[in-house]
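Enquirer: Both chains are given apart, each in its own frame, so use the hints to dock them into the complex.
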Amino acid sequence: MTAKTKPFSFFRLINFFPPMLQQAIILPLLALALTLLISAVLLVITGYNPVTAYRYMWEGVFGNSRVFTEVLLKSTPLILVGTGIAVAFRCGVWNIGAEGQFYAGAVLATWVGIHLAGLPPFLTISVVFLAGFIGGGAWAVIPGWLKVRLKVNEVVSTIMLNYIMIGLTSFLVTGPMQEAKKVFPQTDEIVVAARLPNILPPTRLNIGFLIAVLVAIIAAIILFRTPLGYAIRTVGQNPETARYAGMKVNQSIIIAMLLSGGAAGLAGAIEVSGLTWRMFATISPGYGFDGIAVALLASNNPLGTILSGFLFGALRASSELMQMNARIPSVLFKIIQGLAIAFIIAFSLLSRKVASEKIADRAEAVPTTGS
Amino acid sequence: MDILSIQILLQATLRMATPLIYAGIGETFSEKAGIINIGLEGYMLIGAFTAYATVYYTNNLLLAVVYAILVTALFGVIFAYLTITIKANQVIIGTALNLVGVGISGYLFRILFAQTRKAQPVRTFQQLPIPALKDIPLLGPSLFDQNILVYGTYLLVPLAAIILYKTSLGLVLRGTGEHPHAVESLGIRVVHIRYGAVIFASILAGIGGAYLPIAHANQFVENMTAGRGFIALAMVAFGRWNPVYVWLAGLLFGSTFALQLRLQAAQTIIPYQFLQILPYVVTFIALIISHGRSLQPRALGIPFEKEGN
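Line order of the protein sequences matches chains Z and E. The opening position of the first sequence corresponds to residue 11 in the numbering used here, with each subsequent residue numbered one higher. The opening position of the second sequence corresponds to residue 7 in the numbering used here, with each subsequent residue numbered one higher.
No wet-lab data here; the hints were simulated from the structure. All residues carry an ideal CB built from backbone N, CA and C; glycine is no exception. Be careful, since some hints might not be right.
[Stated by the list, open to error] Which stretches of chain E does chain Z cover? Using the computed rule of at least three CB atoms under 8 Å from a CB of chain Z, they are: (1) 81-95; (2) 103-116; (3) 290-296.
[Said to hold, decoys possible] In silico negatives: residues of chain Z with every beta carbon more than 10 Å from chain E: (4) 40; (5) 47; (6) 54; (7) 235; (8) 236; (9) 259; (10) 313.
Pulled out of the complex, with its shape left as it was, chain E reads as follows (with noise of 0.2 Å):
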């Protein structure tokens, strides 16, 4: 493999690890908190017709982002009551809020788009490359040459990690996921806490679901996430729930998807079934690799019950 093929294979693991790399740090702070959801894939189908109807109609990127993240922050809205303030099992309701995502994004995409035959492809965020930099060798084409969106995790990873790590409210979002009563005694609500990681989670899950139709392609297609919030489940994981371990599983996992689209595009002789699963058998080993749950937060699923009640 010569320079520019590693470039370009580099520039396009991290396109496909973008959208990764939210989902995966809005639920790693969700998980921080004490709440797992396994509904993330749900917001990201949400997030990505959302973006796709909006631009559609408005032809505005930004408002694209807008609204995709006012509608997964509804849906986070529901799931935080659902999970926290009625305790409902949190993977049931995750397994709920899936097929209420696969289901509505495609019902409203066949209503709106598909039967009419108006799916169109629509504008996308554009490459944006940042001078001087864009001239590294190497690097600099693959980083520095992107859409704003991938700019926007370079920032969203040290934030995510300073905050967790060094300021009093990661100290405090920490302390819910793992200790909730000592949190709860100190005066801070553990139910706030947790409302605001769970919306917040909704958020960035909705920003990777519209990635996909308005940055990476130009077209809504029904399950386009294709398991990317299961994924990001997983880099949760094998990230140790450390923002900037779950950016470079976020990498890894991107990496697999680059590679298998380009295999298959290079016509080699691995059996294309082969090349499509590749991202599930890495992310299946990476699960094993990873295995044991030290580093889970002590009250990672279980419902918060007020003492003396």
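For reference, chain Z alone in the conformation it holds in the complex (with noise of 0.2 Å):
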């Protein structure tokens, strides 16, 4: 028990700040600090440097133009797929399968893409988004799909949905979609209109970061702003009270699964029509798994994921050429999405228990020194 009174007085520290800033940004980066401390004693026991690691991280992030657009490309996907993962966790669902998803949205989408011609660019791209997005929520719908209609664990259907989908593209890149030359496997390009316009040459930045933040934006609006968002998050939070106030609870988890896998899938369509301009086997190097650490460090609020989609981005990329130059194992970067999120979920645990017990103390003064 003596242990328990530690954390406890450290977060009455934190309980003096207002609950939303607590959630958006002391929490978050609280603990991705406890999680950069705890990285450093991993690093100086396998005999490396911390502070170089983390200076070449830095560098790796605001180093110059070039690495900070490389940051904002690796963004754009995770930002996009942490909104999506974001609005299924509101509702109560764990899709794990965002990986496949994006595969779904992207294979779809250079499909349309390779074949879409004689259309103007706009429309073109917008043609690919919404092939990205369909094809992404088509495969989330279906574990959608089997978890009302026979209650099927949707954690590991949509696992074996990702194993699945990577498996089904690999074929098809080597099989029916394969480029027509026959050598590599991988697609042919996309059309041209189809391609998103670069806004900083030389620099590989195209306009999907900021088609991401726009999708960020857009999720947070329905999902605080209008009866669809209150019905789904209603679900998350207690799906019988959402069956009493007569909202249709096995609608609002198949729409959440749609939104969920069209985010998704638009990340994998805006990864090739910004960047790939054509679909291979690995196009994504893990994405769909990042997103779920993007969703929790902003405690599901897409807005969030923004920043935390960013600070992934950053430690994805930065990690990369932290393994180029000091030879420190890119994977590093996995050990630091775990612990960030376990330490942001046992902190907002720990802070709401110390503001509740505060309430029960208050609670318990009023008869003593009030009426």
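Expert: Written out as structure tokens, the structure reads:
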């Protein structure tokens, strides 16, 4: 019991800040700080100098305009995927399938992008995006439907669908969708009209990042300012209450999954139309899984995913540079993600507990002091 | 298919099923006590790496299993603290555990072995044919010409079933996942039972992971569990939270791995990608077949709150 007093006094301090600020900024930064501290210990144990490592990371983010735009490029899919996952998690659906949904969206977008000729760029890109949204959304609606109809556990089903989609993609790019030359396991390039305009040559930055930010804002509006969003959140908090209030629980879950997978599929479409211009078997280095950490660090708030998506995009990009320059394995990044999730959850629970105890203290104090 | 190839397939099935069975039986106990652990994959990777590194440096297979157990148990304690004591969401913490598992095993592997080109094959558990029994036609070589970790499952599964259904400990464990408050009212601490079940599950997943580099292959590969932890999760639901059915589910999924490898080697006209995803497709179909949660422990995934607090 004595061990409990320590964190509690600490979290009393944090509770001086208003709850919104705590959730959006203080706790994530605190969790990240502790994570980097523990990672530093790991670096020391394994014979690296953490100061050097973190300096390489910092330079990998802010070193020059080229690395910074690469970070923005990495953040783009993370913000989109994270936003989608946040919507599903808010609805109480554990969509771990964003990786597969990303692939599904990228595949459909590529297919459309290759075959869509003769339309003006704006229209072509819109159709490609729509294809990405539909591809990812459809791949997510399957486990959503299985959950509400047959009560199939979505955690396991979405994970299995990841493996299945990645396998199917590998088949498509070596088989039916392989480039005309039939040399590499990849598709042909999409038509020029389907490619996103570059906004900062000579870097690779395209308007994808702005679209991701816009989508996150729209998702936040849907989630917090519309009846649909209210239904999604209520279902997530308590399905029984939602049902009692006359909300369509099953429908909300399906729509949440559609939006969730759609955002991941859109991320796939933007990756193709903005960067790679074609599809290949390893198009995602794990954005779909990173998105889980992005959503959780943002407390499943789509607006927060802009910050946390940038943070994890920065970590991903800079850990690769760190590996090149200091030979520190970039998988360190996975440890950082896992620890950050655990800490943010633990911190928010502990601070909430302290807050509720404070309220309890006050409630007890009322009869003795007041009326 | 002739008798010999059926026999080989059976033997391979048991081999591929073994890590799944360890992880699945452990998870059954954990879920029976009310805790779902999505992080099995992470435990398995940590167990796999620990075992590989131990054999590499000490050449001692038994020590490798012991260390794999100790290290994964430590992670089990952390998971238990976060989900049971401070009541964090089990799915989220499990996800974090998976990330840490992938990260830490990959990080240490690259530093200790891959970057310095020291990654070499290690000694493995050899086949230990049981005299007389191995001469039974068809089943003999499949069942009784295996390594010791495979034999371990022959003891583990009946033992798990007996403990769960024939002992008072099993009764308490099942009660903890169904009616934790009733258990608490008997003066038994639900929290203790859940800690025990979670740590037990982590240990078994650790053994299942250790099996891969030191019994199945002779090498550690990053992410070598390839979703087996998730398949074990599906096995528990497919096996209706009953160790015997979970074991059967393990054999089914193990057979898809075995079949997949065999068909790839046989160079059929089926594209190899379809063979690779076979285990996951079968798992997905099995999930749909075993739908409905009527048999799921009632308090699964719900943190225990003491009444009157």
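Enquirer: Now, for every hint given, state plainly whether the structure supports it.
Expert: Against the structure, the hints come out as follows:
1. 81-95: holds (count 5)
2. 103-116: Answer holds; 12 residues pass the 8 Å Cβ test.
3. 290-296: Since 3 is at least three, the answer is holds.
4. 40: Label holds. Min Cβ-Cβ 16 Å, cutoff 10 Å.
5. 47: At roughly 15 Å from the nearest Cβ of chain E, residue 47 of chain Z sits farther out than 10 Å, so the non-interface label holds.
6. 54: holds, 13 Å
7. 235: Answer for residue 235 of chain Z: holds, closest chain E Cβ roughly 26 Å.
8. 236: holds, 26 Å
9. 259: Nearest chain E Cβ is 15 Å from residue 259 of chain Z, so the label holds.
10. 313: holds, 20 Å
When each numbered hint is compared with the structure, no violation occurs for any of them.
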